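Respectively, the protein sequence lines represent chains A and B.
First residue of the first sequence? That's 1 in the numbering used here, and the numbers climb one at a time after it.
First residue of the second sequence? That's 160 in the numbering used here, and the numbers climb one at a time after it.
If you're looking for bench data, these hints aren't it; they were derived computationally from the structure.
Computed from a prediction, not measured in an experiment: that's the story for all the values here.
Some hints could be false.
Said to hold, decoys possible - Taking lysine-lysine and the BS3-like style, the derived pairs with C-alpha atoms no more than 30 Å apart in a straight line are:
(1) B:422 x B:331
(2) B:449 x B:248
(3) A:143 x A:72
(4) B:318 x B:186
(5) A:72 x B:449
(6) A:3 x B:186
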Amino acid sequence: MSKVQISSSINGESVEFLCEPQQSLMDILRDELSRTGTKEGCATGDCGACSVLIDGRLVCSCLVLGVEAEGKEITTIEGIAGEDGLHPIQQQFLEHAALQCGICTPGFIVAAKALLDRNPDPDEETIRYWLAGNLCRCTGYDKIIRAVQGAAQELAQQA
Amino acid sequence: MGAFAYVAPSSVAEALAVLDEHASQGKRAQVLAGGTDVLVQMRTVDTQPRMLVDIKGVAETNQLDIGATETFIGAAIPSAQLNENAELKALFPGVIESADLIGSTQIQGRASIGGNLCNSSPAGDTIPALIASRGVCIIATSGGNREVPVEDFVTGVGKNVLENNEFLLGLKFPNPSPGTADAYLRFIPRTEMDIAVVGVGVSVTIDENGNCTAARVAIGAVAPTVLLVTQAGEALTGTQLDDAALQAAGEACTAASSPISDKRGTVEYRRRVVAVLCRRATAIARDRAKAR
């Protein structure tokens, strides 16, 4: 099986890797590049645990081939925090106790970041629809929604 | 046993050359756009290795042209990108709302209307809306592009008119006249993230007196393929799109349907719901047309 050499940017860092044509970007991130913050839930695009941004667009990394990352800018959960510490979304998830087992959390945070980048002041319904592709079996979602609302407020105050 | 391979051609000619080479040698190739159906199927129902031909690098598949009389939507443009285009949404609200119903935000970031059509599911959400809005498939072939109306594209469950050495480049639509508008409604038992129990796409044209001069109704998830119901369009044409006309169009949809019973709904249920959705979608399209 011949591997393909791929060059892309992950969280602002140039990365090269070898990839089998059918390998998912999620598998590459986790197994080849040791970026294990991106989680595997269903691997069929239903749960959102593997959410990443590709050129700013929110996608499931299980439904992207590693070879498709050529020349792309990828943001994973490891790229969300700033140099000074946690991103406000991450901080608000802690303050609202918006996680229990934590498997879904990286996907929620990446998805919430994509939402707030586009729409800094979303109403609750918008947040719920935007995050409909992120499944959480622990929290019942309310705390997650409040954390995203809290992050939107915090980001608005910073601006 | 072969192995998976991947190629990302940068032109129509290159893509056709790869497809043609595989077709003529009896080797398997599969066109890849957003991959939200293909990658799942490749890992579950059919794991046989194949050449994946990623057409997203072909400029035409990402082209969106809103011209004076026609609109072209490249086959691989993600739904999210279509939904962000205010001009497109204003022209074809029904087509865009059908694309917007497919999957989550993450899926929308990759899934395309071209892919939804080529997947050729009886329940594909965009297909009734594409048919209602008079969509025409632009298919790249070695002899030049050929055109197929969307209602003639899908031939069976998961089957369509594409030959092994062809691929869908995009869809074109006549721009709606001032009195024309479309709408799409689907029924699912929840509010989001489900497969259609029934879907109905409608486009109506009204004159300055509110008379319907043309109408197209297409129904999904109630037959092996999405159907253009000409009798429903005829029931609406020449009327004021009043309750009686909507009732008649709904009955034509029920008559044209041949659904199956499955976990999402029974035959009897789907036959009733298709009439209800036809009435409601027609009323939305009518009100949009009046507002134009």
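Against the structure, the hints:
Among the hinted pairs, residue 422 of chain B with residue 331 of chain B is inconsistent with the structure: their alpha-carbon atoms are about 35 Å apart, more than 30 Å. Between the alpha carbons of residue 449 of chain B and residue 248 of chain B the distance comes to roughly 17 Å, so the proposed pair stays at or under 30 Å and holds. Taken as a hint, the residue 143 of chain A and residue 72 of chain A pair is broken in the structure, with Cα atoms around 33 Å apart against an allowance of 30 Å. For a cut-off of 30 Å, the pair hint linking residue 318 of chain B to residue 186 of chain B stands: about 19 Å separates their Cα positions.
Proximity of residue 72 of chain A to residue 449 of chain B is assessed by CA-CA distance (about 45 Å); at most 30 Å being required, the pair is judged violated. With a CA separation close to 20 Å, the supplied pair residue 3 of chain A and residue 186 of chain B stays within the 30 Å bound.
The structure shown violates the earlier hints numbered 1, 3 and 5.
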